[in-house]
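S.K.: Using the sequences provided together with the hints, build the complete structure.
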Amino acid sequence: MLKKRKLVTIVIETSIAHRLEDDLLECGAKGFTSSLAHGAGPRNSRSSDIEGGNVRIETVVSEEVLEAILEKLKTNYFPHYAISCWVSDVEVVRDERY
Amino acid sequence: MLKKRKLVTIVIETSIAHRLEDDLLECGAKGFTSSLAHGAGPRNSRSSDIEGGNVRIETVVSEEVLEAILEKLKTNYFPHYAISCWVSDVEVVRDERY
Amino acid sequence: MLKKRKLVTIVIETSIAHRLEDDLLECGAKGFTSSLAHGAGPRNSRSSDIEGGNVRIETVVSEEVLEAILEKLKTNYFPHYAISCWVSDVEVVRDERY
Amino acid sequence: MDGLQLALTNLTSPPVLAFALGLLATALRSDLRLPDAVYQALSIYLLLGIGIKGGVALGQSSFEELAAPLVGTLILGAVVPVAAFYLLSFFTRLDAVNRGALAAHYGSTSLVTFTAGIVFLEALQMQVEGYVNTLLAVLEIPGIIIGLALASRGINRQMSWGESLREILTGKSIFLLAGGVLLGFLTGTAGYARIEIFFGGLFTGVLTLFLLELGMVAGRRIKDLKEAGIGLFLFGTTFPLMAGALGVLVGQITGMSVGGSAALGILSASASYIAAPAAVRLALPEASPGIYLSASLGITFPFNLVIGIPTMLAISQLLEGFGL
Amino acid sequence: MDGLQLALTNLTSPPVLAFALGLLATALRSDLRLPDAVYQALSIYLLLGIGIKGGVALGQSSFEELAAPLVGTLILGAVVPVAAFYLLSFFTRLDAVNRGALAAHYGSTSLVTFTAGIVFLEALQMQVEGYVNTLLAVLEIPGIIIGLALASRGINRQMSWGESLREILTGKSIFLLAGGVLLGFLTGTAGYARIEIFFGGLFTGVLTLFLLELGMVAGRRIKDLKEAGIGLFLFGTTFPLMAGALGVLVGQITGMSVGGSAALGILSASASYIAAPAAVRLALPEASPGIYLSASLGITFPFNLVIGIPTMLAISQLLEGFGL
Amino acid sequence: MDGLQLALTNLTSPPVLAFALGLLATALRSDLRLPDAVYQALSIYLLLGIGIKGGVALGQSSFEELAAPLVGTLILGAVVPVAAFYLLSFFTRLDAVNRGALAAHYGSTSLVTFTAGIVFLEALQMQVEGYVNTLLAVLEIPGIIIGLALASRGINRQMSWGESLREILTGKSIFLLAGGVLLGFLTGTAGYARIEIFFGGLFTGVLTLFLLELGMVAGRRIKDLKEAGIGLFLFGTTFPLMAGALGVLVGQITGMSVGGSAALGILSASASYIAAPAAVRLALPEASPGIYLSASLGITFPFNLVIGIPTMLAISQLLEGFGL
Ligand SMILES: Nc1ncnc2c1ncn2[C@@H]1O[C@H](COP(=O)(O)O)[C@@H](O)[C@H]1O
Ligand SMILES: Nc1ncnc2c1ncn2[C@@H]1O[C@H](COP(=O)(O)O)[C@@H](O)[C@H]1O
Ligand SMILES: Nc1ncnc2c1ncn2[C@@H]1O[C@H](COP(=O)(O)O)[C@@H](O)[C@H]1O
Ligand code: NA
Ligand code: NA
Ligand code: NA
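Protein chains in written order, with the working numbering: chain X, 1 to 98; chain H, 1 to 98; chain P, 1 to 98; chain G, 1 to 324; chain C, 1 to 324; chain S, 1 to 324.
Heads up, a few of these hints could be off.
Which chain H residues face chain X? A few, computed with CB under 10 Å, are given here [said to hold, decoys possible]:
#1 T9
#2 S35
#3 A37
#4 L70
#5 K74
#6 C85
#7 W86
#8 V87
#9 D89
I should point out that these hints are in silico values taken from the structure, not numbers from a laboratory. Ideal placement from N, C-alpha and C gives every residue a C-beta, glycine not left out.
M.R.: Structure below.
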């Protein structure tokens, strides 16, 4: 009954968050959920404090979309921005939505 | 030492959040954690923007309680409301609390 | 390509959050992400309401650091504070960061 | 001041401009966004503030002064939603559920439209009775309940009125509004003097910020409008004029001033998009927010800002001319 | 103005009414909730603002004027927590840890009670020395530390006083209060004039909003009260009167006015529920928040709002009559 | 008033003291933290507010009055970033990308420095032309774009200017500032009167709270400063004086008053740390925030607060003496 999907959680400095949200949808994600956060990390070089912290973005996606997202992150985000990303397995009820 | 439990994450429009929190406890959840969020989804038909976004609710529960919650969601929430829900496996230390 | 790590999620009353964040780094976590939250739980004895809710702290760590964190929680936090903690499996791309 | 100038005064008030700026932000895909927590806080402030003002005014008004307008407003609160419900079957092909939901919105009032109207009237040095704030609170609730009652005929399931009513009446918008009236009434002018800078002096400024975000919300809904259809569009622009004119009439008949009657007209013309959507969402999930939000926020709100508000004043001046 | 009227003036001030409204919201299970971020911001504003006012007043007062009240307040800050600690073994069967925690709360002060008191005194056109704001900051800290010291006897583990003290003194409440005093002192009246509308003019309004939420918090704690027991209830209602009377006495002896002495009495009568809980939580996790929060927020705060505040004024007027 | 007193007036203004308090909070490892949502809201308020003021002033100024200063400011906006870019190769060994990023920051302006300057000038009863607020908005944007253009030579990838420009110009800081100017211009003094308490009266108070948090942010960056190197430090303290002097000169030449010229000098001396970092981050990710934020927020901002602001006034008075 429950279907398997991937949950991608991304924490990114505020100034880039809006662009990333657009990119996620472009990669095929059908939705996302964002909330404000702050934190510390190994890099810590960013403008985010001044912009008011980080944004924590979650998106539940299929395997294929996951691939596309990770690809995008690797080219356009990881090299430059204060960003953290982790992936986990989740199950959803209404699988046509994700 | 660590015991298995289920983590249910629900994102729901603000106006319904309070009712859902009550329902979770009624289904047997021993607690929940809520925070403000916003997002986009496939349905996007809701009053939540006007109410100030979504609420992201998490609850760690046992298998049985999970069943009860999903049942409740299916009857009372999924058909009507802007809601997203996913389930994952977690481990807890103090299992009597969840 | 993706490497396995542990995601520790901790919900704790606001007044203790800053100390816990320091302790996490001391235990070897290389970073954390915090956001404001509120909730209900089985204990519900705390000063957090008055301080403005809870803080929800996430940290992605290795197995060894996880052990250290759980140890610390068991001695210094669980007995006294309003705190909830769960652990799940995640995968990360840039494993040297976690 | 002629009609065009009137309209211009209205259109260049800071809250109205901020709403337009919000629409622009969405159109340009700006990353501007008022944090959710702050947006919620602003709406708490606005609801509580207007409630308090209403309560203070209530305490200052004599029974004779208030009785007629109050009764008139209650009648208005019953007639408008019923009229909306039946007129909608003329304008659209919506089912009873959605018509009831819309009736709840148009029967209730919009705090923001009302305040923009007051800003407008004050800019013209029009006198407005303080107790119109009280009338706002009074007009807020019956429309919602009548609308839901009308809609309930259209649903199959048994509606649990008891629990629904509790949820609606303790819902944050109505609780704040009613609680504010209570607080204002009990504290009186002496108490209000101590919080006047906060709840009075800042009001228009806070509203400006709030409308900036509301403009963005409305902007994101613009594509829903296309689906709404021409019937809903016609309803959303003609019904406010009818309901508003009725409101002005009630004001004039019950002895209110030109400005006060215009304000009551604006109240009656306005469609709720804070209290009503929340209540309808809770009690009537079958109704489509795409329809009622598009109509109240997407069509009627801007229509009232631009046309409805000055029209209500014109009608009031006209009726006054008739010696009503 | 007789006693009943006094009490009524106090009870109908906007902050007190907002607290009652918050209690009501919980009782009715309203979904109203001030977002956490906003609640935290309001408390930052209140603490910094009162600190700044205290600092400005400090800069305006001459040494002669201030010396006696300052010394008196420091003595008060030492005596009250010790008295609370020992009296508690008379009233209750609590262990040293919990008695110490309570001593920290009652030895410290409540900004909110104090401000409600000032609102009350000002409504009666009573003059209050500006430096009572400074005394608040002075009285805030010693009580907490003495309470913790008393409690530390009851715990087995070694308390690391160095780190604990740093954590407490840099904790946000105390940092804001002390930092505000510094800022106010350095900027003086000229600088304060530029921020007076913000930190002064809005203060009561912001407090009103804050108390709305605090009322809800207190409402959720009401069931804890039952567990608290009759002893704690008696302590929570009689101790404030004793500590308060002592405070008034100190004020009168050190040459403060009727209003100023009443204000110092209110400070002394009040029990902290912002700074003290945070500090106790950090340094004394063994103590039960269910006990100290129930007592300070659930019992003593409303007691002071309703009875404590006017009583302190009455005592001050009485002592003044004795020619003290 | 001699130099020392001038500096003292400046240093003891509430916003400057709050910044210092924020630095202290970080140094003491306080757990104080303005919630992210509130911090964002404050910056929205400040940007929109200053934009509105600029727009209102724009509407009040005659074309003759404004034309020369406006042209002068545009020239300033082009010259300063280019000068910064080339001087940086003298002061440091940074590559073109990082020099371009710095040029964008120093070519743009700091709202906070500017406001602190205005607070300072007003404390000295200096008259300042209202339209300097307009000049701020004008000076904000060209520097950023020129800086990015200069940097783009240093990067390998193809820069997509179209999309980048859209992202920058609709980015929240610039949108709010420009949108505020529009709103203020359209609403005029009559409309502004209705929101003056909110956007005007509270401004310095809100800025004080904002700087408290900004001080903490700056404090957390202090260790980055060590890595910055002596060259950047020299640039960050001498360039503002040069750019500032140029700004004062432009002011005096274009017929502005002593105070107005000093204000334009302060604008020109200031380095952006709200709009520019966001824009640079989006369009020029290769540049290191550790460098440009350290320079603008860590070095130049405090330098200007303490030395730059009074120096600009001194230069303006000097030039005025020359009869310019
Ligand atoms: N190990 C981690 N666990 C959770 N969040 C992290 C972790 N490392 C970094 N972050 C988050 O990612 C953001 C960016 O990290 P960084 O690029 O290292 O500055 C930080 O501000 C944190 O919010
Ligand atoms: N794939 C997804 N991943 C994460 N969150 C989602 C996803 N889809 C929807 N949501 C969240 O669920 C809310 C309701 O979705 P919807 O009912 O489609 O409007 C959205 O506002 C998002 O916050
Ligand atoms: N089962 C649960 N699932 C999610 N969050 C929980 C759960 N139980 C407790 N919490 C969170 O942990 C906090 C502290 O719990 P407690 O110590 O029981 O008061 C609560 O305020 C909740 O935010
Ligand atoms: Na209506
Ligand atoms: Na006390
Ligand atoms: Na500059």
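S.K.: For this structure, which hints from the list above don't hold up?
M.R.: none
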